[in-house]
Amino acid sequence: MIPLINPITLFFASIFTSNILLSNFLGTCSFISISKDWKSAFGLGMAVMVVMTITTAISWLVLTYVITPLGLEYLSFIVFIVVIAAVVQILEMVIDRTSPALYLSLGIFLPLITVNCAILGAILFMQIRSYGFVQSVAFGAGSGAGWWLAMMLLSAIRERTDKSPVPAGLKGAGITIITIGFMAMAFIGFSGMIAVQ
Amino acid sequence: MNPILLGPLVVAGSASILALVIALVDQVVNNYGDVSIDINHGKRSYTVKGGSALLGTLASQGIFVPSACGGRGSCGACKVRVLSDVGPVLPTETPYLTPQELATNVRLSCQIKLKKNIAIELSDELFSVKKFKATVDSIKDLTYDIKETVFKLQDPKAIEFKSGQYVQIVVPPYGDIKESVQRAYSMSSRPSDDGHVELLVRLVPGGIATTYVHKLLKQGDTVELVGPFGEFRVHDTPATMVCVAGGSGMAPFKSMFFDMRERNTFPEKDIWYFFGARTTRDMFYLEELRELERQWPRFHFVPALSEPKPEENWTGDVGLITDVLDRYIKDKVGTTKGLEGYLCGSPGMINACISVMSKNGITESNIYYDKFA
Chain A
1 MIPLINPITL FFASIFTSNI LLSNFLGTCS FISISKDWKS AFGLGMAVMV VMTITTAISW
61 LVLTYVITPL GLEYLSFIVF IVVIAAVVQI LEMVIDRTSP ALYLSLGIFL PLITVNCAIL
121 GAILFMQIRS YGFVQSVAFG AGSGAGWWLA MMLLSAIRER TDKSPVPAGL KGAGITIITI
181 GFMAMAFIGF SGMIAVQ
Chain B
1001 MNPILLGPLV VAGSASILAL VIALVDQVVN NYGDVSIDIN HGKRSYTVKG GSALLGTLAS
1061 QGIFVPSACG GRGSCGACKV RVLSDVGPVL PTETPYLTPQ ELATNVRLSC QIKLKKNIAI
1121 ELSDELFSVK KFKATVDSIK DLTYDIKETV FKLQDPKAIE FKSGQYVQIV VPPYGDIKES
1181 VQRAYSMSSR PSDDGHVELL VRLVPGGIAT TYVHKLLKQG DTVELVGPFG EFRVHDTPAT
1241 MVCVAGGSGM APFKSMFFDM RERNTFPEKD IWYFFGARTT RDMFYLEELR ELERQWPRFH
1301 FVPALSEPKP EENWTGDVGL ITDVLDRYIK DKVGTTKGLE GYLCGSPGMI NACISVMSKN
1361 GITESNIYYD KFA
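Listed in order, the protein sequences are those of chains A and B.
Quick note on numbering: the numbering used here labels position 157 of the first sequence as 157, and the sequence is numbered without any gaps.
With positions in the second sequence counted from 1, the corresponding number in the numbering used here is that position plus 1000.
Here chain A stands alone, though its shape is the one from the complex (with noise of 0.2 Å):
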């Protein structure tokens, strides 16, 4: 059943009531190793929007025009990764051009958006909860920017936590994941205002 969602609910709820790094903790690795630096936490932040906004639109396409009518939803995931491997890509270039020192700060993160797994996740949340192509963008772009916002708030803690009598052994990772932690129970506060199936 197609859910009548509006898209712009949905483009909100994506981003407080059900992130999807905060709620469904996906895309964790590059959110505690980027978020060290503000410049470059915001960077890649924007290239995830980016990448997750074309991707679940060319996705959806794919998937409608494609995919089903073909009958290959086993396709699916190889057929996804091809396209976010391309749109990163793209943008891998993009960036190159326009802002060196950003391409260089992100490293080996910016070609590490492919597998990044929240870019996966919100297309195949997006196959499984059968979204329109309007929803799907908003999904999307507000995923991304769900994800985006998560990455500024704890690139803004961690400014403090590193300059904080922090207890030596958790130093670093330690105190981000614990700082997470109390990130995704704040944000869980929001959970249940929408609902997005």
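None of these hints come from the bench; they were simulated from the model.
One thing to keep in mind: the hints can contain errors.
[What the hints assert, rightly or not] Keeping only pairs whose Cα atoms sit at most 27 Å apart, straight-line, the calculated BS3-like set for lysine-lysine is:
#: 1; chain 1: A; residue 1: LYS39; chain 2: B; residue 2: LYS1113
#: 2; chain 1: A; residue 1: LYS39; chain 2: B; residue 2: LYS1116
#: 3; chain 1: B; residue 1: LYS1130; chain 2: B; residue 2: LYS1152
[As the list claims (entries may be wrong)] Taking CB as the label site, the calculated pair distances span:
#: 4; chain 1: B; residue 1: PRO1310; chain 2: A; residue 2: GLY174; range: 56 to 62 Å
#: 5; chain 1: B; residue 1: GLU1179; chain 2: A; residue 2: ALA101; range: 22 to 28 Å
#: 6; chain 1: A; residue 1: VAL94; chain 2: B; residue 2: GLY1062; range: 29 to 35 Å
#: 7; chain 1: A; residue 1: PHE77; chain 2: B; residue 2: GLY1051; range: 34 to 40 Å
#: 8; chain 1: A; residue 1: ALA101; chain 2: B; residue 2: ARG1081; range: 19 to 25 Å
#: 9; chain 1: B; residue 1: PRO1205; chain 2: A; residue 2: VAL115; range: 36 to 42 Å
#: 10; chain 1: A; residue 1: SER164; chain 2: B; residue 2: THR1047; range: 16 to 22 Å
#: 11; chain 1: B; residue 1: PRO1088; chain 2: A; residue 2: MET185; range: 37 to 43 Å
#: 12; chain 1: A; residue 1: PHE25; chain 2: B; residue 2: LEU1005; range: 46 to 52 Å
#: 13; chain 1: B; residue 1: GLN1154; chain 2: A; residue 2: VAL94; range: 44 to 50 Å
#: 14; chain 1: B; residue 1: ASN1030; chain 2: A; residue 2: VAL115; range: 23 to 29 Å
#: 15; chain 1: A; residue 1: MET193; chain 2: B; residue 2: VAL1029; range: 39 to 45 Å
#: 16; chain 1: A; residue 1: THR98; chain 2: B; residue 2: ASP1236; range: 49 to 55 Å
[To be verified] One-sided excerpt, in silico: chain B residues whose CB lies under 10 Å from chain A:
#: 17; residue: GLY1013
#: 18; residue: SER1014
#: 19; residue: VAL1025
#: 20; residue: PRO1095
#: 21; residue: LEU1122
#: 22; residue: THR1279
#: 23; residue: ASP1282
#: 24; residue: PRO1297
We treat Cβ as the ideally placed atom computed from N, Cα and C, and that holds for glycine.
For chain A, the structure is supplied; the task is to place chain B on it using the hints.
Then chain B, alone, in the frame of chain A:
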């Protein structure tokens, strides 16, 4: 349609369409068109295709900025001063740049991608740097791990350089080494013998170029040499030269001494040459240099072994080269004309010698050494 065919077709089809899109975007995004390079305030200018690194683009125009690593950003040698705006200093460059260099916008030319017109400053001497085709004339063992390699220059046929300068040998890909790299070696031949280049190459375990020279290079092989480079040379003052070398650090000094002897240049200079080795099996050119010392009154040769074995019957000095150097500067080397330090060897040896020399009153600005050799 057969589902076994359909699946691969769909995947291949969508992949090809996306590949086509990538190729198209690549054409648009990575097309920088023609850019101009202005060198030394309009003295030279080139119009080249943009998109590649400055280092390689200059090389394609026949200007060879020194680079020991061949453009991978790991040697920090290819510094140029950039006068136009080429964007912020990249994280790959900062470890190699001093605060003064950062302030004057000195950059690594291998890390600068040519995207728009650029103005740079280069030392005029770089324009005389050429790429030589050379064949191996002879390779012989000096010690168990140092080979004396003589190249005969084929095209161009002669090299003009000052004793103490170095060339880069272009090592082609071999075995597991997939990319061509360049490594710097001081020339041990005399400038008067301009048809040949002699290099002393010590085998470094795992070293790309040294393994190539020691294990693969044969007489008659053709290689490419780029040079001459370097500021290491005899300075025209009356001060006494205090030269210290170890291992293949012998190379620039061999060239300097035999050149000075041959042409009787810098006649006021006295020369003290300290050469350190562990045992006699690390020692080479001993006879040649002792003969030079006998014939040439202002040249003093002090070979020293740090760990001589009793059966070697070593009659020369014993001790770490730094201790020997310290003793000689205090007791034997006359300081009336002033002293200049010349060093060639491992970074550890260079640093240790700098500290001994500074303690004995040689100011650091009068201590010369090449970081590469």
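Here is what the structure says about each hint:
1. Restraint check for A/LYS39 and B/LYS1113: satisfied, since their Cα atoms lie roughly 22 Å apart, inside the 27 Å limit.
2. For a cut-off of 27 Å, the pair hint linking A/LYS39 to B/LYS1116 stands: about 26 Å separates their Cα positions.
3. Only pairs whose Cα atoms come within 27 Å are accepted, and B/LYS1130 paired with B/LYS1152 is accepted, the gap being roughly 15 Å.
4. Between B/PRO1310 and A/GLY174, the C-beta spacing of about 59 Å keeps the proposed range 56 to 62 Å intact.
5. The supplied range of 22 to 28 Å is met by B/GLU1179 and A/ALA101, whose beta-carbon atoms lie about 26 Å from each other.
6. A hinted range of 29 to 35 Å for the beta carbons of A/VAL94 and B/GLY1062 is consistent with their spacing of about 34 Å.
7. A hinted range of 34 to 40 Å for the beta carbons of A/PHE77 and B/GLY1051 is consistent with their spacing of about 36 Å.
8. Judged by the Cβ atoms, the range 19 to 25 Å given for A/ALA101 and B/ARG1081 holds: they are separated by roughly 20 Å.
9. Under the hint 36 to 42 Å, the C-beta atoms of B/PRO1205 and A/VAL115, about 37 Å apart, fit the expected range.
10. Against the hinted window of 16 to 22 Å, the Cβ-Cβ separation of A/SER164 and B/THR1047 comes to about 56 Å, which falls outside the hint.
11. Separation of B/PRO1088 from A/MET185 is about 39 Å and conforms to the stated range, judged on CB atoms against 37 to 43 Å.
12. A/PHE25 and B/LEU1005 have their C-beta atoms about 39 Å apart, which leaves the hinted 46 to 52 Å range violated.
13. Taking 44 to 50 Å as the suggested C-beta distance range, the pair B/GLN1154 and A/VAL94 conforms, at roughly 46 Å.
14. Against the hinted window of 23 to 29 Å, the Cβ-Cβ separation of B/ASN1030 and A/VAL115 comes to about 24 Å, which satisfies the hint.
15. Range check, A/MET193 to B/VAL1029: Cβ separation about 42 Å, and the 39 to 45 Å hint holds.
16. The hinted window of 49 to 55 Å between A/THR98 and B/ASP1236 holds, with their beta carbons roughly 51 Å apart.
17. Look at B/GLY1013: its Cβ gets to within about 8 Å of chain A, closer than 10 Å, so that hint holds up.
18. With its C-beta approaching chain A no nearer than about 6 Å, B/SER1014 sits inside the 10 Å limit, and its interface hint holds.
19. Residue-level restraint check for B/VAL1025 holds (minimum Cβ-Cβ distance to chain A is 5 Å; threshold 10 Å).
20. Evaluation of the B/PRO1095 hint against chain A yields a violated restraint, the C-beta minimum of about 13 Å exceeding 10 Å.
21. At its closest, the beta carbon of B/LEU1122 sits 23 Å from a beta carbon of chain A; the interface hint therefore is violated under the 10 Å criterion.
22. Restraint check, B/THR1279 versus chain A: the minimum CB separation of about 47 Å is more than 10 Å; hint violated.
23. Taking 10 Å as the C-beta contact cut-off toward chain A, the hint placing B/ASP1282 at the interface is violated, the least distance being around 43 Å.
24. The criterion of a C-beta within 10 Å of any C-beta in chain A is not met by B/PRO1297, whose closest approach is roughly 58 Å, and the hint is violated.
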